[in-house]
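K.L.:
So the chains spell out like this:
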Amino acid sequence: KAGVTQTPRYLIKTRGQQVTLSCSPISGHRSVSWYQQTPGQGLQFLFEYFSETQRNKGNFPGRFSGRQFSNSRSEMNVSTLELGDSALYLCASSSTPAGYGYTFGSGTRLTVV
Amino acid sequence: QQQVKQSPQSLIVQKGGISIINCAYENTAFDYFPWYQQFPGKGPALLIAIRPDVSEKKEGRFTISFNKSAKQFSLHIMDSQPGDSATYFCAASSNNNDMRFGAGTRLTVKP
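Line by line, the protein sequences are chains A and B.
For what it's worth, the numbering used here labels the leading residue of the first sequence as 589, then goes sequentially.
For what it's worth, the numbering used here labels the leading residue of the second sequence as 6, then goes sequentially.
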């Protein structure tokens with residue numbers, strides 16, 4: 589059974605640019621959540637989607653957005669990148685909402701220069 | 006955002022020893038308490054999880070102890086091995102809440 593796939597694995601962007609990250613969940617999983625991981629702040633919740641609907645959103649500015657498609661694949665977008673957005677962005681999927689039994693992908697390492 | 010407090014930040018244990026990591030939560034609505042293990046360059050992987058209706062769950066060398074009245078839970082790693090060296094995260098969630106993570110504990114097991 590294939591795991592959670594995140595693309596790309598690494599990304600370098602310039603301040604002010606926009607970026608889109610992709611996540612393909614485990615087949616059959618309808619819940620996808622996104623987390624930002626930094627050494628100083630740990631794992632911070634961004635948002636959760638279940639069956640194409642956003643269920644929860646964390647305390648991040650509106651520059652961070654996401655969506656989920658009918659095949660459960662999800663994308664997150666960050667506009668007007670700031671240096672502080674440099675982080676590992678993790679996607680996790682689950683068959684039920686709210687993260688019972690999350691499986692994480694390996695993440696996308698975003699560096700903003 | 007932090008609703009789960011984890012300690013210690015780092016832990017050094019000799020091979021064969023017991024590693025103990027503690028977590029405390031605030032929201033009594035949480036009903037699912039997992040522990041994740043993360044190696045460098047990888048995403049967190051589910052290690053073991055517990056529901057509040059039991060006080061202890063054991064899987065191999067890993068045991069979760071849960072104290073509902075104190076709103077605390079802990080991970081015990083028996084016979085710790087160098088391969089256990091990783092960062093461990095506790096977490097908590099419920100049907101109406103996203104999963105919240107502790108700050109993580111970096112475990113080093115010395116041979």
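Just so you know, the hints here were simulated from the structure itself, not pulled from any lab data.
Just so it is clear, CB atoms sit at the ideal spot from N, CA and C, and this is done for glycine as well.
Honestly, I wouldn't trust all of these hints.
Unchecked claim - If you anchor each label on the Cβ, the simulated ranges turn out as follows:
#, chain 1, residue 1, chain 2, residue 2, range
1, B, Arg66, A, Pro649, 40 to 46 Å
2, B, Asn101, A, Ile600, 35 to 41 Å
3, A, Gln629, B, Ala34, 38 to 44 Å
4, B, Gly88, A, Thr602, 35 to 41 Å
5, A, Arg643, B, Ser70, 40 to 46 Å
6, B, Lys10, A, Gly604, 35 to 41 Å
7, B, Gly22, A, Ser658, 24 to 30 Å
8, A, Lys645, B, Ser15, 43 to 49 Å
9, A, Pro649, B, Asn72, 46 to 52 Å
10, B, Leu51, A, Gly628, 42 to 48 Å
11, A, Gly672, B, Lys47, 19 to 25 Å
12, B, Pro87, A, Gly604, 32 to 38 Å
13, A, Leu671, B, Thr33, 17 to 23 Å
14, A, Gln629, B, Val59, 29 to 35 Å
Claimed, not checked - Simulated crosslink set (BS3-like; lysine-lysine; CA at most 25 Å straight-line):
#, chain 1, residue 1, chain 2, residue 2
15, B, Lys63, A, Lys645
16, B, Lys76, B, Lys115
17, B, Lys76, B, Lys20
18, A, Lys601, B, Lys10
19, B, Lys76, B, Lys63
20, B, Lys73, B, Lys20
K.L.:
Evaluate each hint against the coordinates.
P.N.:
Hints versus structure:
The beta-carbon spacing between Arg66(B) and Pro649(A), approximately 42 Å, falls within the hinted interval of 40 to 46 Å. As the Cβ distance of Asn101(B) to Ile600(A) is approximately 38 Å, the hint placing it in 35 to 41 Å holds. Distance hint check for Gln629(A) and Ala34(B): the Cβ-Cβ separation is about 23 Å, which falls outside the suggested range of 38 to 44 Å. Checking the proposed 35 to 41 Å range against Gly88(B) and Thr602(A) shows it holds: the Cβ atoms sit about 40 Å from each other.
At roughly 31 Å, the beta-carbon separation of Arg643(A) and Ser70(B) lies outside the given 40 to 46 Å, and the hint is violated. The beta-carbon spacing between Lys10(B) and Gly604(A), approximately 36 Å, falls within the hinted interval of 35 to 41 Å. Distance hint check for Gly22(B) and Ser658(A): the Cβ-Cβ separation is about 50 Å, which falls outside the suggested range of 24 to 30 Å. Between Lys645(A) and Ser15(B) the C-beta distance comes to about 32 Å, which lies outside the given range of 43 to 49 Å.
Pro649(A) and Asn72(B) have their C-beta atoms about 37 Å apart, which leaves the hinted 46 to 52 Å range violated. The hinted range of 42 to 48 Å is not satisfied by Leu51(B) and Gly628(A), whose Cβ atoms lie roughly 24 Å apart. Range check, Gly672(A) to Lys47(B): Cβ separation about 24 Å, and the 19 to 25 Å hint holds. The hinted window of 32 to 38 Å between Pro87(B) and Gly604(A) is violated, with their beta carbons roughly 45 Å apart.
Taking the beta carbon of each, Leu671(A) and Thr33(B) are about 38 Å apart, not inside 17 to 23 Å as hinted. A hinted range of 29 to 35 Å for the beta carbons of Gln629(A) and Val59(B) is consistent with their spacing of about 32 Å. Restraint check: the Cα-Cα separation between Lys63(B) and Lys645(A) comes to about 33 Å, which exceeds 25 Å; the hinted pair is violated. A threshold of 25 Å between alpha carbons decides the hint, and for Lys76(B) with Lys115(B) the separation of about 31 Å lies outside it, so the pair is violated.
As the CA atoms of Lys76(B) and Lys20(B) are separated by approximately 30 Å, the hinted pair breaks the 25 Å bound. Of the supplied pair hints, the one linking Lys601(A) and Lys10(B) is violated, its CA atoms being roughly 33 Å apart against a limit of 25 Å. A hinted pair counts as satisfied when its Cα atoms are at most 25 Å apart, and Lys76(B) with Lys63(B) qualifies at roughly 19 Å. For the proposed pair Lys73(B) and Lys20(B), the alpha carbon gap of about 31 Å is over 25 Å, so the pair is violated.
Violated hints, listed in ascending order, are 3, 5, 7, 8, 9, 10, 12, 13, 15, 16, 17, 18, 20; each of the other numbered hints is respected by the structure.
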